[in-house]
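S.K.: Going down the list, the protein sequences come from chains A and B. At position 343 of the first sequence the residue is numbered 343 (the numbering used here), and the sequence of numbers has no breaks. At position 341 of the second sequence the residue is numbered 704 (the numbering used here), and the sequence of numbers has no breaks.
Keep in mind that the hints are not guaranteed to be accurate.
With a straight-line cut-off of 25 Å between C-alpha atoms, the simulated SDA-like cross-links for lysine to any residue are [said to hold, decoys possible]: (1) B:Lys569 / B:Asn418; (2) B:Lys635 / B:Asp554; (3) B:Lys493 / A:Asn276; (4) B:Lys635 / B:Pro650; (5) A:Lys250 / B:Ser469; (6) B:Lys476 / A:Leu170; (7) A:Lys68 / B:Lys476; (8) A:Lys250 / B:Leu424; (9) B:Lys476 / A:Gly279; (10) B:Lys566 / B:Arg400; (11) A:Lys250 / B:Ser448; (12) A:Lys250 / B:Val555; (13) B:Lys375 / B:Glu609; (14) B:Lys375 / B:Thr677; (15) B:Lys493 / A:Lys78; (16) A:Lys68 / B:Arg400; (17) A:Lys78 / A:Gly279.
Covered by chain A, according to a simulated footprint, are these stretches of chain B (three or more residues, beta-carbon under 8 Å) [unchecked claim]: (18) 401-412; (19) 455-461; (20) 472-479.
No lab work stands behind these hints: they were computed from the structure. Idealized CB from N, CA, C, for every residue including glycine.
Listed below are the residues making up each chain.
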Amino acid sequence: MNDDDPTLPPGPDKTEQSTPTLGAPLSASVVAPLDDAVIHTPPEMAVAEGDVRSYQEGDIVGGTSLWKDAWHRLLKNKLAVFGLIVVSIVTLASLLGPYLLKLITGLPPDYIPGDAALIKSFPPFTAPDGSFSWAHPMGTDRQGRDLLARVLQGGQISLMVGIIATLMSLIIGVSYGAVAGYLGGRLDNLMMRLVDVLYAIPYIILVIVLLSMFRNQTPRGQLILLFIALGSVSWLTMARIVRGQVLSLKNQEFVLAARATGVSTPRIIFRHIVPNTLGPVIVYATLTIPSVMLAEAFLSFLGFGVQPPLASWGSLVTDGVQNIGIFPWQLIFPGLVMALTLFSLNFLGDGLRDALDPRMRKF
Amino acid sequence: MSTNNGNVLEVKDLRTYFHTEDGTVKAVDGLTFNLKRGETLGIVGESGSGKSVTNLSIIRLIPSPPGEIVSGEVYFRGQDLLKLSEREVRSIRGRRIAMVFQDPMSSLNPFMKISRQLMETTELHLGHTKRQAREHAIKMLETVGIPDARERIDNYPHEFSGGMRQRVMIAMALSCEPELLIADEPTTALDVTIQAQILELIKTLKRVTGTSVILISHDLGVVAGMTDQLIVMYAGKAFEQAPTRELFATPGNPYTKGLLRSVPDPTDEQGKLYQIPGLPPDVAHLPPGCPFAPRCERAEEICHREFPPFVQLTAEHHSLCHFAREVFEESAGGGSRTQQH
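Chain B on its own, in the form it takes in the complex:
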């Protein structure tokens, strides 16, 4: 048992593989990170980079078969979740670790009233009676800003708009006051104005309840203002890991730089949008070298041949690249991006 020294979550060398007919897909391959109490960790990456699988692995919801958590340790408050029985994990899910999913349209059961879905959680975990659960559910709906919560609670999901549904999902996730909230692209399916509201809501609730948050997103803009730590994932590996501010200011990885450059800049009117050339690799058949090498601007011969090292740049800044230090110094020494800020 590790002592938690302020960490709510410690993930050590997590490896989740999917055994498919096409070969073994290493969806998450050796991920290590810590999450302190009250902090927010962002995980960014393209589709298929292993962001969601990471989080499903943490609460052991990987469909198995074909999925398998091959190795790793996930200490949640000093308790290795991967060693618990299914029953013990179930008592943690929803109670101490809660999740908000990407698509609020499909993550609420269309055949159950909102009230029943909300009440189920607290009846299950807090032993509420029906009446207590109902009152609690109404209170939660009010907390997340649903008007006329008392009347709306007996509606069906389809009677809510997308943003409202996501609020309901957040209410459900927070109703047992979890220590860790995992938000898997909570705003991807929503339009921009609603996105801002939902993010603001998560931020506020986080401040009030002191919950730690893991925020998954493919949108750098979303994670920039929300997170304390950031992990950039590519092909199942952490490509760069750093405090958010530092990562944005001085990226130490060509992939991160590419991602930052591809964020559209509204002040730059005639500027062409930058895009990283090529497509994400087929994770079942990775090349022997760096998985990003075929798309990398500064890839050299060694990149195609050897797997890059995970270089420590500063105390908390790591980057998976043969030229991590050079890239880092380039950024620090006045790269084009940093000058703009």
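Chain A with its partners taken away, still in its complex shape:
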């Protein structure tokens, strides 16, 4: 389009004008008078150029799927890449760290030293005699447990809470919302009013009631209860999002076409419509993980969450707060790791939204 246009003056800005195919944004510059030597690139055109370049570099011309496309856009977002890297590192470290430490030191992560002299808080990089030591890079807690090992162990549970609750929200929320949205009518009304009712109950109270009802549990039993409690409230927003998506999708012609070929209703919902909602679902799921982790930390902070000897970042922070004046590292390290992870997950979620949201798509 650009090449056909005689009104574009050849100028020093030739390189800027070399957009080969995406000519649409150029129409703005066509309006510019002939003698205007420097055509200012409108901001939306700069974006278009960026896109063109990436297509040329990344030889993805043939058969670009939506996912590949989104992946390329995600990689262009620095914050999202940062988030992705941090999340990967934290996840890997939490999964493997405790076992590695056990291999190195031969001690389980929640090991409390037998020697009474060692059951006390040591600052980071400090041996019992006050000299420099690599033994406890994050120091120890009140019971002399290695804080690094505790943070990694806590990471396992914190991430697990986040992921399991999000999985529950995915499974329940997506199917609930999709069924309500597709079937519509009275059933939809009923199902969504139930969601509204559950919404109206402050979830913290729901969780606290649930947890205190089954008070006398083993730490593991209480952990499972926590999964159930957080999972059972985290699907509400997901259900609403998916329902909204399905409402707009179900009147599309491809759904009618599928019905006209005799596909059954469950199959239409779950094989034809749900995959089309995946973009927003993935984005929201990524943003659910940090919010659930935060909720878990909050509950642990209140004493309803993870019980010792298990640890989560939330419970470690709680322990740290009690001695904040004397042993600040017991708060700082778990808090820092948690904050960093939550930040990164949020960055990643935002990046995914930009990459997958059709309204953000630049072509």
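Please build the complex by placing chain B on the supplied structure of chain A, with the hints as guidance.
M.R.: Then chain B, alone, in the frame of chain A:
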């Protein structure tokens, strides 16, 4: 049960209403027609005249609520489709009655590979295994003229052009060798050269497979060369119903005449385009008389007062007009249009 005497489809007094806040919209109001095996029926009319609703009613895909098939019988090979259970209808859809939709851009699922969409139909209805379905799908793509079908089959819809997508849709529709193919404006969203190709394709496939076709269009040029029978719809009613040739030669309804006159004639250079004055009526609030009367050139007082009769002009030619016979005789007696041909 009616015997089918060569008819694939018999529609009797079909009425589909939509109950809206604005009142009841009689989208299809008393439509009757037969379709013989191997024949093509064309349904033409302006937007909102009830063409698509007719066909969605036949395979029971009317969104309900607000839609409702108030009365009527739809015999497909002697079986009243409107009396079947949802499950039984589903086994007919796609297997024995298939549909091709208007916009190939939106009637393929953007998130599914072509292969999966094609295979789904035959796996569902013919009990194909994955491998059989895949081979069949490739064969179908080749039949509808998609080059390199074997490579292209795993592409996503957005990797095909509009015409190619419509070919894929046709491949999908024909993959179970249906007895009836309903094509709802299959070429409206395509450009003219592609239109011709797609129409030619449908014609060829129809000849090879012996499928009966219902072709919906608002383009008289499209239906002229494709159909054996024609129904002209207006405001949910059949205004004229006749064999295609007869309808074009001797239209018996002022509305049909108007439609024929508004087809641009490329040989007539300086001639002004004719247009029917006014707009299609609000179907929720139809006047008591003939719904076309406010736009009709030869409307008389009776047209505004009384609903017109459905006059039989010849054996297979019917027209909904108070003056059907006069209009018909005018056309037959050398109306301007017939002289041109």
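S.K.: Can the restraint linking Lys493 of chain B and Asn276 of chain A be considered satisfied, given a maximum Cα separation of 25 Å?
M.R.: holds, 23 Å
S.K.: Are there three or more residues in the region 472-479 of chain B whose C-beta lies within less than 8 Å of some C-beta in chain A?
M.R.: Satisfied; 4 residues make the cut.
S.K.: Between Lys375 of chain B and Glu609 of chain B, does the CA-CA distance stay at or below 25 Å?
M.R.: holds, 23 Å
S.K.: Is Lys68 of chain A close enough to Lys476 of chain B, meaning Cα to Cα at most 25 Å?
M.R.: holds, 15 Å
S.K.: When you check the alpha-carbon spacing of Lys635 of chain B and Pro650 of chain B, does it fall within 25 Å?
M.R.: Outside the cut-off at roughly 31 Å; violated.
S.K.: If you draw a straight line from the CA of Lys250 of chain A to the CA of Ser469 of chain B, is it 25 Å or shorter?
M.R.: holds, 12 Å
S.K.: Mind checking the alpha carbons of Lys635 of chain B and Asp554 of chain B for me, to see if they're no more than 25 Å apart?
M.R.: holds, 24 Å
S.K.: Check whether the Cα positions of Lys566 of chain B and Arg400 of chain B lie no farther apart than 25 Å.
M.R.: Between Lys566 of chain B and Arg400 of chain B the Cα gap is close to 14 Å, so the pair holds against 25 Å.
S.K.: Under the criterion that the straight-line Cα-Cα distance not exceed 25 Å, is the pair Lys250 of chain A, Ser448 of chain B satisfied?
M.R.: Within the cut-off at roughly 22 Å; holds.
S.K.: When you check the alpha-carbon spacing of Lys78 of chain A and Gly279 of chain A, does it fall within 25 Å?
M.R.: The hint holds at about 20 Å.
S.K.: Are the Cα atoms of Lys493 of chain B and Lys78 of chain A separated by 25 Å or less?
M.R.: violated, 43 Å
S.K.: Given the proposed pairing of Lys250 of chain A with Leu424 of chain B, does the C-alpha separation stay at or below 25 Å?
M.R.: holds, 13 Å
Hint violations for this structure: numbers 4, 12, 15, 16, 18, all remaining hints satisfied.
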